[in-house]
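Protein sequence lines correspond, in order, to chains G and L.
Reading the first sequence from the start, the letters are residues 1 to 198 in this note's numbering.
Reading the second sequence from the start, the letters are residues 199 to 396 in this note's numbering.
Treat each hint with caution, since some may be false.
[Unchecked claim] Listed next, the stretches of chain L that the computed footprint assigns to chain G, with coverage defined by at least 3 CB atoms under 8 Å from CB atoms of chain G:
| hint | region |
| --- | --- |
| 1 | 255–267 |
| 2 | 306–320 |
| 3 | 350–357 |
| 4 | 380–389 |
FYI, nobody ran anything at the bench for these hints, they're computed from the structure.
The model shown is predicted, which means the values in this text are computed figures rather than measured ones.
All C-beta atoms in this analysis are idealised placements derived from N, C-alpha and C, irrespective of residue type, glycine included.
Protein chains: 2
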Amino acid sequence: MSARRTGRRPGSPDTREAILAAAREAFAERGFDAASIRAIATAAGVDPALVHHYFGGKEELFRAATAFPADPGRLLPAVLAGDRDGVGERLVRVFLEVWDSPVGAAGVALLRSAVSNDWTARLLREFLVTQVLRPVLDHLAVDPAQRPLRGGLVATQLAGLAMMRYVLRFDAVADAEPATLVAAAGPTVQRYLTGDIT
Amino acid sequence: MSARRTGRRPGSPDTREAILAAAREAFAERGFDAASIRAIATAAGVDPALVHHYFGGKEELFRAATAFPADPGRLLPAVLAGDRDGVGERLVRVFLEVWDSPVGAAGVALLRSAVSNDWTARLLREFLVTQVLRPVLDHLAVDPAQRPLRGGLVATQLAGLAMMRYVLRFDAVADAEPATLVAAAGPTVQRYLTGDIT
Numbered sequence: 001m002s003a004r005r006t007g008r009r010p011g012s013p014d015t016r017e018a019i020l021a022a023a024r025e026a027f028a029e030r031g032f033d034a035a036s037i038r039a040i041a042t043a044a045g046v047d048p049a050l051v052h053h054y055f056g057g058k059e060e061l062f063r064a065a066t067a068f069p070a071d072p073g074r075l076l077p078a079v080l081a082g083d084r085d086g087v088g089e090r091l092v093r094v095f096l097e098v099w100d101s102p103v104g105a106a107g108v109a110l111l112r113s114a115v116s117n118d119w120t121a122r123l124l125r126e127f128l129v130t131q132v133l134r135p136v137l138d139h140l141a142v143d144p145a146q147r148p149l150r151g152g153l154v155a156t157q158l159a160g161l162a163m164m165r166y167v168l169r170f171d172a173v174a175d176a177e178p179a180t181l182v183a184a185a186g187p188t189v190q191r192y193l194t195g196d197i198t
Numbered sequence: 199m200s201a202r203r204t205g206r207r208p209g210s211p212d213t214r215e216a217i218l219a220a221a222r223e224a225f226a227e228r229g230f231d232a233a234s235i236r237a238i239a240t241a242a243g244v245d246p247a248l249v250h251h252y253f254g255g256k257e258e259l260f261r262a263a264t265a266f267p268a269d270p271g272r273l274l275p276a277v278l279a280g281d282r283d284g285v286g287e288r289l290v291r292v293f294l295e296v297w298d299s300p301v302g303a304a305g306v307a308l309l310r311s312a313v314s315n316d317w318t319a320r321l322l323r324e325f326l327v328t329q330v331l332r333p334v335l336d337h338l339a340v341d342p343a344q345r346p347l348r349g350g351l352v353a354t355q356l357a358g359l360a361m362m363r364y365v366l367r368f369d370a371v372a373d374a375e376p377a378t379l380v381a382a383a384g385p386t387v388q389r390y391l392t393g394d395i396t
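Generate coordinates for the entire structure from the input sequences, incorporating the hints supplied.
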């Protein structure tokens, strides 16, 4: 048991923190797809089973490591259910619901950190691409060659909304009813996902 | 001469710095419109004529105080000349030209600072609203009641582009040809300026 070899007790807060630190490094350096639970466990000096025990799967570990306050796996079904042409509006609506809720403060902290810290920026990028954009683009069966650009464009609109509503606090955007922003930015996101962008 | 009273020599770097410090405070606290050269001069302990001598008008003082690397007064004519339906594309094109140029690094520094510092955020907001968005919305004769929201929406798309291309560096957005982003985001900006957003 490698956990014993390094002297870490499986149940201690130290062990949990060591796993999270190793996970942050692995996800930032190798990206979500290439990072493995096994390698993270080795780096943390624990057994992979312990990582699963604490965090479940790789998605959950990623979310814990990046301190992401929202769970796309729980939120995305509401975005993807329903007509294909409404995904953009539903994505903006759910996005605003999360950021307008109490967890939004954690989102602002994360965005601030990502802007000043290259490492957090990489984690945020990985999170957006693999946990949010990829499932949406998959669901819509978007041409794989176009996915990076289309996903990136969606990210520009969502990140810009977050910046103006919650960070820089442009009055008209910060004070707008969610429905107003959904009506304005929903079609933009929809066009970036499935419309003509050339 | 109040410059003499405070012991500051008109030609010294101290004087220039004192004016810029007073200007930053005035613009952040009162906003661009309410801040006056006279009040800034008083706060800096110099004669208003000296402020004009160093910096010219209020726009130039604002740009120097906020260290904005680009001059919208010089750039906007190229955006506004031409057909009304092309303003969105031309605004995105000029925006990317500025950020892709060597001065873009200063833009990134400014965005980083604005995200972590409320004071810089206010200055950036004032700059965007009064120096970029207002002239564009004026030129297009947009319904005054709709200007704050329309301007704010344009800001979400431009800020999001800057975030993804230059700060968080999403590959597909960071590596895209400017023309690709103009074709994708230009119509978005145009719709926010003059199209149906309800």
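Checked hints:
no.: 1; hint: 255–267; in the structure: violated (count 0)
no.: 2; hint: 306–320; in the structure: holds (count 6)
no.: 3; hint: 350–357; in the structure: holds (count 7)
no.: 4; hint: 380–389; in the structure: holds (count 6)
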